Amino acid sequence: MILRTILSIILLAAINATAQKEATALINAKVFPVNSEPIENGALVIQNGKIIFVGKADELKGSFENIIDVSGKVILPGLVDTHSHIGEGDGGDRSSTTHPDVRILDAIDPNSDTFKKAIAGGITTVNVMPGSGHLMSGQTVYLKLRSNSKTIEDMLFCEDPLNDICGGLKMANGTNSLREPPFTGTRGKSAAVIRQLFIKAVEYKNQIDRAAGDPEKMPARNIEMEALLEVLDGRRIVQHHTHRADDIITVIRLSKEFGFKVVLHHVSEGWKVAEEIAEANVPCSIIMIDSPGGKLEAVNLIYKTGAVLEEAGVDVAYHTDDGITDSRFFLRSAAFGVRAGMSYNKSIEALTLAGARMLGLEDRVGSLEKGKDADFIILSGDPLSLYTRVEQTWVEGEKVFDINDLESRKYSLGGYEVYRGDYQYLHNCGGEE
Amino acid sequence: MKIILTFILAVIVCFNSGLSQIAVKGETIYTMSGDPIEKGVVLINKGKIEKVGRQSDVQIPEGYEIVEGKVITPGFIDARTVVGLSGIYNYRHDQDQLEKSDAIQPELRAVDAYNKDEKLVDFLLSLGITTIHTGHGPGALASGQTMIAKTYSESYNDYVVDSLTMIAFTLGNTVRSNYTKPGTRSKGVAMLRSEFLKAQEYLKKQNSKDEKERPKRDLKLETLSKVLNGDVRALFTVNRAVDIMAALRLADEFGFKPVLDGVAEGYLLLDELKVRKLEIIIHPTMVRTYGDTKNASLETPKTFYEAGIPFSLQSGYESYVPKTRVVLFEAAIAHSYGLPFNEALASITINPAKLLGIDESVGSLEEGKFADIVVFDGNPFEYTSHVCKVIVKGKIVKDECF
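These protein sequence lines are chains A and B, in that order.
Going letter by letter, the first sequence gives residues 0 to 432 in numbering that gives the first Met the number 0.
Going letter by letter, the second sequence gives residues 0 to 401 in numbering that gives the first Met the number 0.
These are computed hints drawn from the structure, not numbers from a lab.
Among the hints, erroneous ones may be present.
Straight-line Cα separation of at most 20 Å, PhoX-like style, residue types lysine-lysine; simulated pairs [unchecked claim]: (1) B:Lys301 with A:Lys409; (2) B:Lys99 with B:Lys219; (3) B:Lys180 with B:Lys219; (4) A:Lys303 with B:Lys118.
A short, non-exhaustive set of chain B residues, derived as facing chain A with CB atoms under 8 Å [unchecked claim]: (5) Ser32; (6) Gly33; (7) Lys293.
Quick list of simulated restraints, FRET-style, between CB atoms [said to hold, decoys possible]: (8) A:Ser94 with B:Asn228: 51 to 59 Å; (9) B:Thr183 with A:Ile301: 42 to 50 Å; (10) A:Ser342 with B:Thr183: 49 to 57 Å; (11) B:Asp34 with A:Asp381: 25 to 33 Å.
This one's a predicted model, so the numbers in the text were calculated from it and none came from an experiment.
Using N, Cα and C, we set each Cβ at its ideal position, and we do this for glycine too.
Let's have the full structure, built from the sequences with the hints guiding it.
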């Protein structure tokens, strides 16, 4: 008995020796696990950056060093933004219309205040994309908005940017990529260029297969082809900008021809072809904006796209497309979805778990489940209410935003010399949305 | 012939009478003149508001169509937009808000470019915006004129409320990004001073007793002289504090009282703005924080309110997606960031009505005013509430919850 006590003391001491080793219990909030029904008087217990318990507060057993009473508050998983341009990075440049080799992670500034805006809006996981000004503008990057990230490596989801797949592949069709020669000037040509590129990638893959591991027979390394190989293998997801109904169908046609995994982004006219999207089993990441238009293909954008897609059985997520909408107002997307007929639960899921699925990260984020990353937000009330504020944002067990902390708060409100403000994504060359 | 005429007359009479007598009942009616009325009713007759009061006090005459909703507000007024000149497609052919051939062109009339059938105008109407102050946009030292329009119209004769409301001026970085001249802030101010000096001269000659002394008509100088003699107000889009002060300096030099638009850094100049009792249209609350509005704060409406400075809100100008903002949503965000409910509503109803000089006819629910009314199924500012009916001049023009 004594030995056991001593052992536990030693063990405890060992646990306390490193930060975050002791469990923290947040109790008495309304908890939205998202993968199951909301829990009144719920509890969330985290340890070592992971979730170790989600359930009713009164079912919580044992005592905890850190107990935070969050009565009257609401806890959601950290929000997942499937399409954003924060970080001041860029992608494909004007030298070509296809850049499968270009990684946006080589161009992002981890100190950008746009990340601070995002955590003020409750976003913890974000897919940062190059623009849609080209057919294939480059590799996207999946980031975790961890505190004190000094380098892009500190923010990556992947372990090793030299060997791992750290994001998706941004593609676009429709009018954004239509330009004067040498770029593509028509939709038919755009599709042909993409098909030719994928045919080349299939040949590259065949060469590798034929080599059967013999270094002598391997093709020369080609980083464009290597990225496309990952796409063909289903390890890198195509994140595809598309608005008009016929453009949506073109994406589906290409994805079937080459068998790549794809997420449709924006999908302004998705409501016209919801059945076709459902049949192809392709998920949609949509944007909720205040008014339609701004360009021809967004003229028929309507509030009820999410509702129509949900009804058809399509997996729906939201994105900010920040600078198009501001990360600080991401919750508002879900409220507008409900306004236009989307179900409450699906709308919450569209901010969290659905987005995680579309990035292939659902094993780690998107819901509050035992074993997942301790990424969550504390809200002052109903997630869909105008009056609700993101009060705290936690990433992997660490609080990265607290509205009561003045330094954090200013990024949520704005004001004199808070933001650099010299960065405006939508007018960048090739950066149209 | 006579029969046909009588028939047409009869149809017109039926058409009007059939639509013009309505009783709008609401759990809460925000009249914007006095306290909200619980369980209230607004009687509409012949396009105007006949009576407003509690349901227990107001007898609904027989034959009135009954409309019911949770919350009733006046039709909203957008204090500053470019919709109608700036269209939904964002192609050259539907973008008439900014002429780039010269940085000073106050003579450009809004009525010559306003497209009443523009889709965005109807879109705004479906969210309860019944009156807009629209016209030439920000971005030029003097981009042109503004006008007031109704967002619902049935002909080319019925939508203009005021054809020349203000002249739109802009100071700041946005100007130099649109023109090679001016290339700096100071040059922009100098260019405007030169034009105003010419206009002073023009005005002097125009008032000359000797007919030979009078100048040939010059549209530009004629328009600027209207600002100088107080016939038309100058609307200055100024967001940085330095630009706000430059506008006030210009106004002092040439003796006019500007309406300030944007004012993103106005929180640095509260005393100055208050002392001068200036009319102010604050930028859209959710304006993007870059360029001249990089220092915008979500709490600016609250700050102005607490400082006792009245203001209106606006949708402003959007260059891309979304192509317009919606004042209802901008007021909602202002409210959620500390502006009291009633003040947020005032910023898109009675305040802009007063600012635009149309408060005799719109901006509040009072006897004798036009029956511009919005019916909601909940708190107007909640994202999940809907605009269920929009009534313009006594006619139900939107009848589906949106």
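Outcome of the hint check:
no.: 1; hint: B:Lys301 with A:Lys409; result: holds, 15 Å
no.: 2; hint: B:Lys99 with B:Lys219; result: holds, 16 Å
no.: 3; hint: B:Lys180 with B:Lys219; result: holds, 18 Å
no.: 4; hint: A:Lys303 with B:Lys118; result: holds, 18 Å
no.: 5; hint: Ser32; result: violated, 25 Å
no.: 6; hint: Gly33; result: violated, 25 Å
no.: 7; hint: Lys293; result: holds, 2 Å
no.: 8; hint: A:Ser94 with B:Asn228: 51 to 59 Å; result: holds, 57 Å
no.: 9; hint: B:Thr183 with A:Ile301: 42 to 50 Å; result: holds, 44 Å
no.: 10; hint: A:Ser342 with B:Thr183: 49 to 57 Å; result: holds, 55 Å
no.: 11; hint: B:Asp34 with A:Asp381: 25 to 33 Å; result: holds, 28 Å
Hints 5 and 6 from the list above are not met by this structure, while the remaining hints are.
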